[in-house]
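**Q** Now for the letters of each chain:
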Amino acid sequence: GAVVSQHPSRVICKSGTSVKIECRSLDFQATTMFWYRQFPKQSLMLMATSNEGSKATYEQGVEKDKFLINHASLTLSTLTVTSAHPEDSSFYICSARDPWGPYNEQFFGPGTRLTVL
Amino acid sequence: KNQVEQSPQSLIILEGKNCTLQCNYTVSPFSNLRWYKQDTGRGPVSLTIMTFSENTKSNGRYTATLDADTKQSSLHITASQLSDSASYICVVSAPYSGGGADGLTFGKGTHLIIQP
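Protein chains in written order, with the working numbering: chain P, 1166 to 1282; chain L, 686 to 801.
Keep in mind that the hints were calculated from the coordinates and are not lab data. Possibly wrong hints are sitting among the right ones.
Unchecked claim - Heads up, simulated DSSO-like pairs for lysine-lysine below, C-alpha to C-alpha not over 30 Å straight-line:
#1 L:Lys756 / P:Lys1229
#2 L:Lys702 / P:Lys1229
#3 L:Lys686 / P:Lys1185
#4 P:Lys1220 / P:Lys1179
#5 P:Lys1231 / L:Lys793
To be verified - Derived, one-sided and incomplete: chain L residues facing chain P with beta-carbon distance under 10 Å:
#6 Leu696
#7 Ile698
#8 Gly701
#9 Ser716
#10 Ser770
#11 Ala771
#12 Ser778
#13 Leu789
#14 His796
#15 Gln800
#16 Pro801
Source: prediction; values computed, not measured. Glycine is no exception: its CB is placed at the ideal position from the N, C-alpha and C atoms.
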């Protein structure tokens, strides 16, 4: 299947700093990528839909000024958590949709564990 | 409201035993149903995808069933191994309409623990 990578896999930062997470589709071009957030023992919650070359679409309750998304190429989307606070600590997972596959399937990255001190 | 309910919430079985996880959904219209395995601290990995016309699909020791009339699916794991310990997530897809969420509704998952 298609491969999606995320970097870094784990990051610890101080409160007030900004953190950038990268999501790459390695063997296919993805016009659409998605960013999810997952708390312990909870399911994935969609934060935003990232469209190549246009603005991201944010889900209700997600602050667009806090979670900046850039989808500058067909293989890369970035999520920047600005002025991070301890409540932003979570597991962030991206996915990329393969538009040429038979099921229009999303392939998930391995996730990034963010800890804000 | 589209919903996906999974049961049980958690399950502990002995290595070598079989188990079946359940998924009931109210998503309509329906495009496909997916089962994912998510290891702790990792992203979900696809096990099976089934469309409306598919009743059964296997992937090694994993066999998924789908009854689109009753809107129920199950995931059967045969001869469980320690490496099967993970969360299993049922995801139902509505036809892609170009909007956000890609038409996916996620279940909360079943947390499976295999004991030696």
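**Q** Compare the structure with each hint and give your call.
**A** Taking the hints in turn, this is what the structure says about them:
1. L:Lys756 / P:Lys1229: Cα-Cα ~36 Å, so violated.
2. L:Lys702 / P:Lys1229: Not satisfied, since the Cα-Cα distance of roughly 47 Å exceeds 30 Å.
3. L:Lys686 / P:Lys1185: violated (34 Å)
4. P:Lys1220 / P:Lys1179: holds (28 Å)
5. P:Lys1231 / L:Lys793: holds (26 Å)
6. Leu696: violated (14 Å)
7. Ile698: With a minimum Cβ separation of about 19 Å from chain P (threshold 10 Å), the hint on L:Ile698 is violated.
8. Gly701: Violated, about 26 Å.
9. Ser716: holds (8 Å)
10. Ser770: Where the cut-off is 10 Å and the nearest Cβ of chain P is about 14 Å from L:Ser770, the hint is violated.
11. Ala771: Where the cut-off is 10 Å and the nearest Cβ of chain P is about 13 Å from L:Ala771, the hint is violated.
12. Ser778: holds (8 Å)
13. Leu789: Check passed: Cβ of L:Leu789 comes within 7 Å of chain P, closer than 10 Å.
14. His796: holds (7 Å)
15. Gln800: violated (19 Å)
16. Pro801: violated (23 Å)
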